[in-house]
Structure formats: structure tokens, C-alpha cells
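Residue numbers (this note's numbering), protein chains in the order written: chain A, 1 to 301; chain B, 1 to 301.
Hints are computed from structural coordinates only; laboratory data are not their basis. Hints may contain errors.
To be verified - In the DSSO-like style, the derived pairs of lysine-lysine whose C-alpha atoms are separated by at most 27 Å in a straight line are:
(1) B:K180 with B:K268
(2) A:K102 with A:K275
(3) A:K180 with B:K177
(4) A:K152 with B:K135
(5) A:K275 with A:K177
(6) B:K49 with B:K102
(7) A:K177 with B:K28
(8) A:K28 with B:K268
(9) A:K152 with B:K28
(10) B:K275 with A:K152
(11) B:K102 with A:K135
(12) A:K107 with B:K107
(13) B:K251 with A:K107
(14) B:K135 with A:K28
(15) B:K107 with A:K251
(16) B:K152 with A:K28
Being a predicted model, the structure only gives us computed values, none of them experimental.
Protein chains: 2
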Amino acid sequence: MTSRLSLQQYMEEVNAEVSDSLQHYLPKEWNVPASLDTAMSYSLMAGGKRIRPLFVIAAAESLGGSREAALPVACAVEMVHTYSLIHDDLPALDNDDLRRGKPTNHKVHGEATAILAGDGLLTHAFYSLTQATTKFHVPAEDTLAMVEELSKMAGPQGMVGGQMADMEGEQGITDLKQLKYIHLHKTGDLIVFSVKAGGRIASASLEQLHILETFGRSLGLAFQIQDDILDLVGNEEKLGKPLQSDLKMQKVTYPYFIGLEQSRAEVKRLTQLAKEAVSSGKIPYPERLLELADFLVHRDH
Amino acid sequence: MTSRLSLQQYMEEVNAEVSDSLQHYLPKEWNVPASLDTAMSYSLMAGGKRIRPLFVIAAAESLGGSREAALPVACAVEMVHTYSLIHDDLPALDNDDLRRGKPTNHKVHGEATAILAGDGLLTHAFYSLTQATTKFHVPAEDTLAMVEELSKMAGPQGMVGGQMADMEGEQGITDLKQLKYIHLHKTGDLIVFSVKAGGRIASASLEQLHILETFGRSLGLAFQIQDDILDLVGNEEKLGKPLQSDLKMQKVTYPYFIGLEQSRAEVKRLTQLAKEAVSSGKIPYPERLLELADFLVHRDH
């Protein structure tokens, strides 16, 4: 069992396994134009925190599920997250030059290749998802439910809708209701997907899926408010991007609407809500989920 | 039965049903930013020929399958096709101002929205696909096989790879081998997916799937060579775009490599190959597929 590892060790172990697995889904021998393959790998293997894959795997393991079967799902969600970063950074959208302290995809590979690399990662994510059944015998019904949920949570009603609203917000028409819509969808939906999909890998009951959804929904919002706070008062070097970029972009944030202290209190409240949900006794091994929740509130980048 | 309809009537009937169904998958009441919804609809409802949906439905019906169950799959493939056009037309890629005689998506809705509309359509295509099971009781195994195949055929190894190679070709490094790679993947793969998916809806045997693959593969290449020919000698008004844009873009084409007459002969040979495959007696009702094959060779736009 991995439960003897510290959270730090657990995160490093999972991160390494996810990276190996991602490499496996972009194999050297596949018949893909080299420039496209290179651009996809550039962002996918840039060494992020792999928070979403961690949620998939911790959720699967919280119900005694198999990490091996959860890996294709963890890879899928990381591909979707990565594609969204590549497209968000494009000149027509956020026009960012740096991501995780490295030049953004289009800065290195050009705009056209970056668009296609994003398209490729999004499409390939669904391939990776199917491998839970093809390679690891997850029932087809469960994997298809994940496909349906990912397409909703990452699509027009989910992440893409959140990104669109965020972009419109930069043009100065955001109110608190719209800000919540942006946070719930742009970041929250993919985190909800991650924990629920982990649950499905472990054949979660409907009640357990509901608990995991509450956990993901609360924590996803807390995560995004924490991001708003870090952008305001974080450590520039650790963040790998300039501080107060939201202010400079005239983007409204939680601190903008309810102040810094109130925002911190909201992060705490939502995190508590998430932790209580999985501590109800219906989730047999909630420890890693609880630790991850605390980690996200206390992170400084 | 619909077999008494002329091909023209059949195409119009299917086109109308697909358009209705597409409208159903972009419902008025869904919670999506209006600007994103409008941009997605703009291209999806622009009234193309719906060739790929026709292949899905004709293939399903060639095995006695249900049109109703094939419609979500037909919609999925049209969404993927439409997203690929939106992204291909972007300034960083082909920088086209016109598509089907109308201003391209980014010309009307702006570049950022066009990128997100494409992302939204690609993601939503997988949702549409899952509805074959959720709404029409196609076995989950079959729908999951379609998800796997669509993600391959439309992804880095398929359409996106073809698009990348095509873009590199515009920079003057294409040879005949690469041109064939481009045609097979950029256009061919999605047509192969369409006919095979139609087959799966009708519970095709492995042998029947193989026949449909041969049909789609041959016809997909013929279709693309015909496109090359039409770009050279077609009717500008009917095409809805300027003639000889390939020449102007210094894009190599089949006529460039093997001449116009040889290209026409190749279209004929490939079409014959496709028709023979489905006329082998293993496909109970091949008539519409045969008519569609002839239609594609004789089309003028």
C-alpha cells in the first residue's frame, strides 16, 4: 500500500507514473508529423503539478480502485487541461508569453502549430479515455459514461463556455454572477470530472459519485479563488508568471468583489465543505483526498 | 422505405434530418454563453452538403440499420468536420476569408471566438456520439469503439496530422508521398470513420466493417483528388471560392504531380474500386452507397 508515503512522496510517485503513461500515449513510433508531435510533447511534458490526474487517482484509490486502470483517465484529463492552456495562451486569447516559467507553445512552435497541437491533444484525450476499457477491462458502460461527462464538462457547457465568459469578462462586462460562472466552468468542471471519473474506475455507487461531485465542486471553486489570491499576493518566482496580471488585465477576481480576507475565508469554508463530504463514512479510504484538499489551500503557487 | 426516392431527394431528406438533429444538439435552452453558441451555429448551420453524415446514414441503411440511431453519429462527424474548417480558415493557418460563399467564422465572430467555437464543436461531437447509446440503445461497446476510432481518425494520427502536413506542404516541402499522406488523413480518415461508424450502428460483422473501410478509403482519396481537379478547372461560382487557390498558395496537388487526365483516371479507378467492394454481395442494400460514389465523381462543386 502507498498509504505510508507522505503526501509529498505520494504526489511525486503519481506524477512520475502519469508522466510515464503520457509518454506511452505519445509513442515514438507513431505516424504523426514530427513537428506536431514535438509541439504536443512540449506542453504535455512541461512538468506541471498534475493536480487533475492526482484527483483521478486519489479518488479511484479512495474507493479501493486500481491505479493502473485510472491512469488512462488521468492522462486524458491532463491532455484536456494542457490543450486548454495552449489555446488560452494564444495571441487572439490571453496572449501570454510564459507558462510555468517557460515560453508558451506558440512562442516556440508558432501559432498554427500551437492551434493544431491543442486540437490534437483534445482529440487524443478521448482515445486515452477509451483505453481504460480496451486495456484495463473497465466496463464499456462506465467508460462511455466518462466520455459523455468529459465532453460535457470540457465542452461548450463546461470549460470552453467558462473560457468564453472569461474572455468576455476581460472586456469589462463581468459581475459576481458571471465571475462565479467562469470559476465553476473554466476550472471547476474539469476537477469535478476528475474525481467522479476516478470514482467510476472504482465502480462507485451513485451515492459515492454524488459525494465525490460535492468534493470536486467545492474544492474546484476553492482552488480558483486561491488562484485569484495568489495572483494578488503570491510569490512571482514560485508562480512562474508576473504578479497581479489579473489587475493589469483588468480582470475581476474574488478579492476584487469581496476583499482579500473574505476570499481567504471562502477558500477555507469551501475546503471544509469538501473535506466533510468525503469524511461521511461512505468513502472507505478518504485520506489522500483530505490531504490533497489541505495541500491546495496552503499552496503558494 | 426510402428507396423510391431519387438520390437528390434522398440527399435532401437526410440533409434536413441531420440539420434538425444538429439543432437539437445545440438547444436554445442550454447554459452556454450566447456569443459562443452563435459562433458554433454560424458554421454548423451554414448549409454544407453534409457528405459525411450522408455516408454514416447510407452505410447504416446499407445493412438495414436504423437511421434514427445513426443520426447522433452523423451529427458528431459533421461537428468534427465543421470545427476543422473553422480552425483551418484561421489567419495563422489558411487565412481564408470565404467558406461556402460566406465570410469565414473568424471574419464574423473574431479570432478568439472562432478558436473556442472550434474547440466547442470538437468536444461536443463526442457528446453527440454517446447519445447513440444514451438515447437509442446502441450497445455501449459499439459506441465506445466509435469513440476510439473517431479519436484516432480525427486526432494526431488522422485529420490533425493531415492538416499539419498540409500546412508544412504550403511551405514547399511536399513530395508525392507526403501529398498522399495529406489526402489520406486530412480528408480520407473522417470519411472512413463515417462509413465504418454507420456500419457499427447496424451491428456490422468484421467482414462488413472491412468492406466499408475499403469503400471509404478509396472514395475518400477519390473525393480529395476530385477537389484538387475542381480547384484547377471548376466553376468559381458553384465552388463558392476563388479558382486555382491551390496554385496561388503554391500547394501541390494530384494534377501537379501526375497531370489532369491522369488525375481524372485515378478518380475513376478509385471510385470503381469502392463500388466493387460494396457490390460483393456481403452488403445487403448497397444502392445508396453506389449512387453516392457516382455523385462524388460527377459533382462540379
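Going through the hints against the structure:
1. B:K180 with B:K268: 17 Å, holds
2. A:K102 with A:K275: Status violated; Cα separation ~34 Å.
3. A:K180 with B:K177: Roughly 51 Å separates the two Cα atoms, so the pair is violated.
4. A:K152 with B:K135: 16 Å, holds
5. A:K275 with A:K177: 25 Å, holds
6. B:K49 with B:K102: Since the Cα atoms of B:K49 and B:K102 sit roughly 14 Å apart, the hinted pair holds (cutoff 27 Å).
7. A:K177 with B:K28: Holds, at roughly 21 Å.
8. A:K28 with B:K268: 37 Å, violated
9. A:K152 with B:K28: 16 Å, holds
10. B:K275 with A:K152: 39 Å, violated
11. B:K102 with A:K135: 45 Å, violated
12. A:K107 with B:K107: Roughly 24 Å between the alpha carbons, so the hint for A:K107 and B:K107 holds.
13. B:K251 with A:K107: 26 Å, holds
14. B:K135 with A:K28: This hinted pair is violated, its Cα atoms lying about 39 Å apart.
15. B:K107 with A:K251: Holds, at about 26 Å.
16. B:K152 with A:K28: 16 Å, holds
Hint compliance for this structure: hints 2, 3, 8, 10, 11, 14 are not met, and every other hint is.
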